[in-house]
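Each chain is listed here by its residues.
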Amino acid sequence: MFDTLSDRLNKVFTGLRGKGRLSEADIDATAREIRIALLEADVALPVVRQFIAAVKERAGGEEVSRALNPAQQVIKIVNEELVKILGGETRRLRYAKTGPTVIMLAGLQGAGKTTLAGKLARHLKQLGHTPVLVACDLQRPNAVNQLQVVGERAGVAVYAPEPGNGVGDPVAVAKDSIGFAQRAQHDMVIVDTAGRLGIDADMMAQAAAIRDAVQPQEILFVVDAMVGQDAVNTAEAFRDGVGFSGVVLTKLDGDARGGAALSVRYVTGQPIMFASNGEKLEDFDVFHPDRMASRILGMGDMLSLIEQAQRTFDEDEAEQMAAKLASGTEFTLEDFLDQLQAIKRMGPIGNLLGMLPGAGQMKEMISQVDDKDLDRTAAIIRSMTPAERADPKMINGSRRLRIANGSGMMVSEVNNLVDRFFEARKMMMRMTGGMGMPGGRRNARSAKGRKNKKGKNKQAGRGPTQPRMPAGFPGMGGLPGGLGGLPGGGLPGGGMPGAGMPELPPGTKLPDLSKLKFPKQ
Amino acid sequence: MLAIIVTVVVLLILAAVLVVGFVVPRVRRGRGELPPPPVRSTGVTATKPPVESAAPAAPERLVQPAPPAAETAPPGPLLDVPEPIAGRMQRLRARLARSQTSLGRGLLSVLSRDKLDDDAWDEIEEALLTADVGLKSTTEIVDRLRTRTQILGTRSQGELRALLSEELVTALRPELDRTLHTVPTGSGPAVVMVVGVNGTGKTTTCGKLARVLVADGRTVLLGAADTFRAAAADQLQTWGARVGAETIRGPEGGDPASVAFEAVKAGKEAGVDAVLIDTAGRLHTKVGLMDELGKVKRVVEKHGPIDETLLVLDATTGQNGLTQARVFLEVAEVTGVVLTKLDGTAKGGIVISVQAELGVPVKLIGLGEGADDLAPFDPEQFVDALLGDVVG
Ligand SMILES: Nc1nc2c(ncn2[C@@H]2O[C@H](COP(=O)(O)OP(=O)(O)O)[C@@H](O)[C@H]2O)c(=O)[nH]1
Ligand SMILES: [Mg+2]
Numbered sequence: 001m002f003d004t005l006s007d008r009l010n011k012v013f014t015g016l017r018g019k020g021r022l023s024e025a026d027i028d029a030t031a032r033e034i035r036i037a038l039l040e041a042d043v044a045l046p047v048v049r050q051f052i053a054a055v056k057e058r059a060g061g062e063e064v065s066r067a068l069n070p071a072q073q074v075i076k077i078v079n080e081e082l083v084k085i086l087g088g089e090t091r092r093l094r095y096a097k098t099g100p101t102v103i104m105l106a107g108l109q110g111a112g113k114t115t116l117a118g119k120l121a122r123h124l125k126q127l128g129h130t131p132v133l134v135a136c137d138l139q140r141p142n143a144v145n146q147l148q149v150v151g152e153r154a155g156v157a158v159y160a161p162e163p164g165n166g167v168g169d170p171v172a173v174a175k176d177s178i179g180f181a182q183r184a185q186h187d188m189v190i191v192d193t194a195g196r197l198g199i200d201a202d203m204m205a206q207a208a209a210i211r212d213a214v215q216p217q218e219i220l221f222v223v224d225a226m227v228g229q230d231a232v233n234t235a236e237a238f239r240d241g242v243g244f245s246g247v248v249l250t251k252l253d254g255d256a257r258g259g260a261a262l263s264v265r266y267v268t269g270q271p272i273m274f275a276s277n278g279e280k281l282e283d284f285d286v287f288h289p290d291r292m293a294s295r296i297l298g299m300g301d302m303l304s305l306i307e308q309a310q311r312t313f314d315e316d317e318a319e320q321m322a323a324k325l326a327s328g329t330e331f332t333l334e335d336f337l338d339q340l341q342a343i344k345r346m347g348p349i350g351n352l353l354g355m356l357p358g359a360g361q362m363k364e365m366i367s368q369v370d371d372k373d374l375d376r377t378a379a380i381i382r383s384m385t386p387a388e389r390a391d392p393k394m395i396n397g398s399r400r401l402r403i404a405n406g407s408g409m410m411v412s413e414v415n416n417l418v419d420r421f422f423e424a425r426k427m428m429m430r431m432t433g434g435m436g437m438p439g440g441r442r443n444a445r446s447a448k449g450r451k452n453k454k455g456k457n458k459q460a461g462r463g464p465t466q467p468r469m470p471a472g473f474p475g476m477g478g479l480p481g482g483l484g485g486l487p488g489g490g491l492p493g494g495g496m497p498g499a500g501m502p503e504l505p506p507g508t509k510l511p512d513l514s515k516l517k518f519p520k521q
Numbered sequence: 001m002l003a004i005i006v007t008v009v010v011l012l013i014l015a016a017v018l019v020v021g022f023v024v025p026r027v028r029r030g031r032g033e034l035p036p037p038p039v040r041s042t043g044v045t046a047t048k049p050p051v052e053s054a055a056p057a058a059p060e061r062l063v064q065p066a067p068p069a070a071e072t073a074p075p076g077p078l079l080d081v082p083e084p085i086a087g088r089m090q091r092l093r094a095r096l097a098r099s100q101t102s103l104g105r106g107l108l109s110v111l112s113r114d115k116l117d118d119d120a121w122d123e124i125e126e127a128l129l130t131a132d133v134g135l136k137s138t139t140e141i142v143d144r145l146r147t148r149t150q151i152l153g154t155r156s157q158g159e160l161r162a163l164l165s166e167e168l169v170t171a172l173r174p175e176l177d178r179t180l181h182t183v184p185t186g187s188g189p190a191v192v193m194v195v196g197v198n199g200t201g202k203t204t205t206c207g208k209l210a211r212v213l214v215a216d217g218r219t220v221l222l223g224a225a226d227t228f229r230a231a232a233a234d235q236l237q238t239w240g241a242r243v244g245a246e247t248i249r250g251p252e253g254g255d256p257a258s259v260a261f262e263a264v265k266a267g268k269e270a271g272v273d274a275v276l277i278d279t280a281g282r283l284h285t286k287v288g289l290m291d292e293l294g295k296v297k298r299v300v301e302k303h304g305p306i307d308e309t310l311l312v313l314d315a316t317t318g319q320n321g322l323t324q325a326r327v328f329l330e331v332a333e334v335t336g337v338v339l340t341k342l343d344g345t346a347k348g349g350i351v352i353s354v355q356a357e358l359g360v361p362v363k364l365i366g367l368g369e370g371a372d373d374l375a376p377f378d379p380e381q382f383v384d385a386l387l388g389d390v391v392g
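Sequence order for the protein chains is A and B. For the first sequence, the positions run 1 to 521 when our numbering is used. For the second sequence, the positions run 1 to 392 when our numbering is used.
The hints are simulated quantities; they were obtained by calculation from the structure and are not laboratory data. Every residue, glycine too, gets a C-beta built ideally from N, C-alpha and C. Accuracy of the hints is not assured; some may be wrong.
Unchecked claim - Covered, in the sense of this in silico footprint (three residues per stretch, anywhere, with C-beta under 8 Å from a C-beta of chain A), are these stretches of chain B:
(1) 167 to 179
(2) 186 to 199
Claimed, not checked - Cross-link-like lysine-lysine pairs, in silico, BS3-like; alpha carbons within 27 Å at most:
(3) B:K268 with A:K372
(4) A:K324 with A:K344
(5) B:K302 with B:K268
(6) A:K280 with B:K302
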């Protein structure tokens with residue numbers, strides 16, 4: 001696994017503290033580390049160069065040399081600059097003044113245009129529109145069928161007069177689709193086009209002809225988040241060949257760092273409007289520049305998580321929750337159920353989990369957890385008697401059968417939950433033990449057996465400017481390293497976005513959920 | 001306030017741990033839009049039977065002797081004749097060179113300088129980075145090249161080009177065995193499974209590969225084990241119909257392992273030379289889907305070992321390609337890589353790291369959407385095309 005930028009910068013700045021103004025060499029070393037981090041995240045080289053030139057200036061300034069923790073300060077700057085570029089002017093879809101609004105999709109082969117067409121249609125339908133999908137990919141075998149199926153799933157109409165597989169003229173289909181939309185009273189038209197290469201002059205000319213035929217309000221360039229250095233060439237080719245007014249980033253549910261987002265934004269100046277992060281039609285979101293910045297830097301999205309927590313809970317409630325968690329073996333299934341309901345107020349569980357700092361492996365676990373899973377858990381717990389909830393040890397075979405029947409689950413699922421509860425409780429005790437709970441008072445020193453490497457995190461990343469956090473982050477550093485039973489439970493990249501946040505000390509370990517042993521069926 | 005975040009983090013982790021038990025069985029069943037309804041427990045131990053030992057349900061079998069007119073209306077004969085391998089190399093080579101010009105040009109300008117100063121080395125490094133070779137491999141190649149030019153006192157541009165070319169070829173591990181195992185070894189057909197993330201060109205590769213084999217006078221059967229993506233089986237079937245290869249498919253959303261199993265069974269019965277199994281695209285980060293792939297593999301192997309598992313990597317992929325390859329290797333014992341979309345501007349430099357770190361050879365390259373745009377990978381040709389403009 002890659003070192004995170006914060007690990008790298010911490011190395012650069014070791015021994016630098018209090019030295020006053022950074023020397024030329026210090027700044028160069030900093031720039032080098034940023035360059036490495038960005039290249040590893042697949043940011044295109046020309047963009048890396050320009051980005052660094054911009055950051056270097058700030059990195060050499062007072063705000064860094066004066067900082068208690070220059071490494072953190074540099075990360076903060078890098079993060080800010082990234083967000084600035086990625087976000088730029090964000091905007092909403094443009095609608096036509098009269099007649100149907102036309103959105104045309106364009107991009108390389110395999111970028112995910114057809115799937116995205118379905119997601120966009122579903123999204124627009126939910127906003128009260130009546131979109132129609134237009135099948136202009138007449139090239140790839142059965143792309144037309146695929147769009148038809150996608151349209152059916154999204155519950156929207158599909159205009160597909162030609163069979164495809166090389167038969168039919170996409171420009172004519174595009175042109176006719178507008179009349180069709182008007183007749184059938186569709187207020188939005190989404191034109192799916194064939195994937196094409198930037199250097200394929202004929203195909204680019206075809207795309208331009210489709211554009212001219214439908215006069216779209218928006219042309220969205222669809223790009224795969226896994227794309228590497230070629231992002232710049234391709235984005236330029238599409239900009240020059242058809243032009244586009246917005247960008248959609250796909251396959252964000254993988255673990256690619258997504259430097260392509262920065263590259264495309266940088267060279268074309270067009271806003272990234274949507275993010276596609278899964279194969280299901282509802283895996284679709286507006287683009288969040290701050291999250292993307294953290295992702296490129298290999299950090300989680302703790303900031304959003306904290307914001308959401310602050311919005312949801314007040315101080316008292318939080319204290320109570322913390323106290324419960326610290327109650328060790330007295331923590332019951334009942335408590336768990338209560339707290340689960342509380343957490344759910346913050347939003348869909350999958351999203352919340354996705355904000356934890358961590359590697360893609362863990363993100364995987366997360367992408368498959370949804371609220372239905374929690375509901376199933378809750379259903380099982382609710383079928384237990386209060387006594388059983390308080391003391392799950394008493395749940396024997398016949399009780400399990402009864403609970404299974406009561407909740408409509410299988411006995412194996414009940415078994416699973418009970419076993420897992422004990423495992424989870426053990427884990428919780430280890431975690432809270434190091435956190436000086438309850439009440440979030442800091443007591444990390446008393447934690448036994450933690451394995452913070454290097455012991456350099458005592459004043460864990462306290463930069464001078466922390467708008468959100470009044471004091472040092474509670475000793476998350478006290479989380480024990482590879483939690484027993486969780487082999488190698490380290491989360492690579494336990495850093496946090498520098499924007500006003502003290503970071504998790506390097507070496508901080510959260511359990512890596514992906515390493516949990518799965519129950520074998 | 002501090003308590004909140006810690007609490008939330010801990011609770012989220014707990015929640016995750018607790019629900020993992022549900023998630024995994026569910027995703028193993030597939031990833032239809034709707035999760036299957038929970039099965040009510042009726043008896044004493046209502047655990048499901050182990051899925052893998054369950055006899056695969058017979059998928060609906062469609063024999064397609066000729067393509068339906070509406071689906072493919074190729075001008076001329078219904079079954080078109082694939083281009084022989086020998087002839088296509090030259091045509092494709094031009095296409096490869098086309099995609100590589102900027103790297104070639106960049107290096108040319110460097111190599112034509114009188115002095116190899118630091119800037120020159122930086123430019124070489126940048127040219128490689130721009131080809132997605134990645135920092136680690138780039139640094140290694142450049143360091144070796146530097147040392148050698150110093151030792152040899154290289155001056156002329158021709159010598160330098162030769163050295164660079166040598167280093168790149170070495171980095172591409174020419175010693176790796178790139179034989180494609182598509183000839184039946186035992187009693188049944190050779191079984192080839194094609195895997196990879198979404199949209200890299202798996203189905204297209206299956207179709208192209210079927211044509212290569214047919215051109216070689218062999219009989220092929222296709223197995224559409226992508227039961228997930230809309231119209232994926234149709235797509236494969238269209239490819240198969242064009243060369244007269246039968247496609248075995250199952251119901252949409254059905255069990256991919258059953259389809260794969262049935263395909264090999266049908267291939268055995270029909271006495272074909274090779275069975276090509278196309279699988280659904282899956283991100284390597286999805287544990288459930290990777291488990292599913294492992295299961296497809298194990299179920300197919302009830303017929304005997306799989307002869308070739310090809311990982312399809314898209315040449316536009318950046319550094320994530322290495323991670324992809326690593327995970328697929330672990331789950332599906334990949335025996336070869338197919339590098340697609342080399343007809344574009346992307347250079348596919350990630351395969352250097354993939355081969356170096358994982359030892360999996362690139363066996364084939366895809367150079368377009370055309371039916372015959374597939375060629376064997378040859379390190380020297382690849383590098384030649386890479387440095388195309390830099391004529392010594
Ligand atoms: N230019 C180009 N396009 C390709 C190549 N291989 C596949 N494609 C295209 O990439 C897209 C995705 O291919 P497909 O086989 O459906 O990918 P799968 O999802 O991995 O099965 C299709 O539009 C193909 O035509 C190639 O070598 N070059
Ligand atoms: Mg496919």
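Does the alpha-carbon distance linking B:K302 and B:K268 stay inside the 27 Å limit?
-> Given pair B:K302, B:K268 holds - Cα atoms ~13 Å apart, limit 27 Å.
Could you grab the alpha-carbon distance between A:K280 and B:K302 and see if it respects the 27 Å cut-off?
-> Violated, at roughly 32 Å.
Straight-line alpha-carbon gap B:K268 to A:K372, limit 27 Å = violated (43 Å)
Keeping to a limit of 27 Å between CA atoms, is the pair of A:K324 and A:K344 held or broken?
-> It holds: about 17 Å lies between the C-alpha atoms, which stays within 27 Å.
Has the segment 186 to 199 of chain B got at least three residues whose CB is nearer than 8 Å to a CB belonging to chain A?
-> Held - the segment 186 to 199 of chain B has 3 residues with a Cβ nearer than 8 Å to chain A, which meets the minimum of three.
Coverage claim, chain A over the segment 167 to 179 of chain B, checked by counting residues with Cβ within 8 Å (three needed) | violated (count 0)
In this structure, the hints that do not hold are numbers 1, 3, 6, in rising order.
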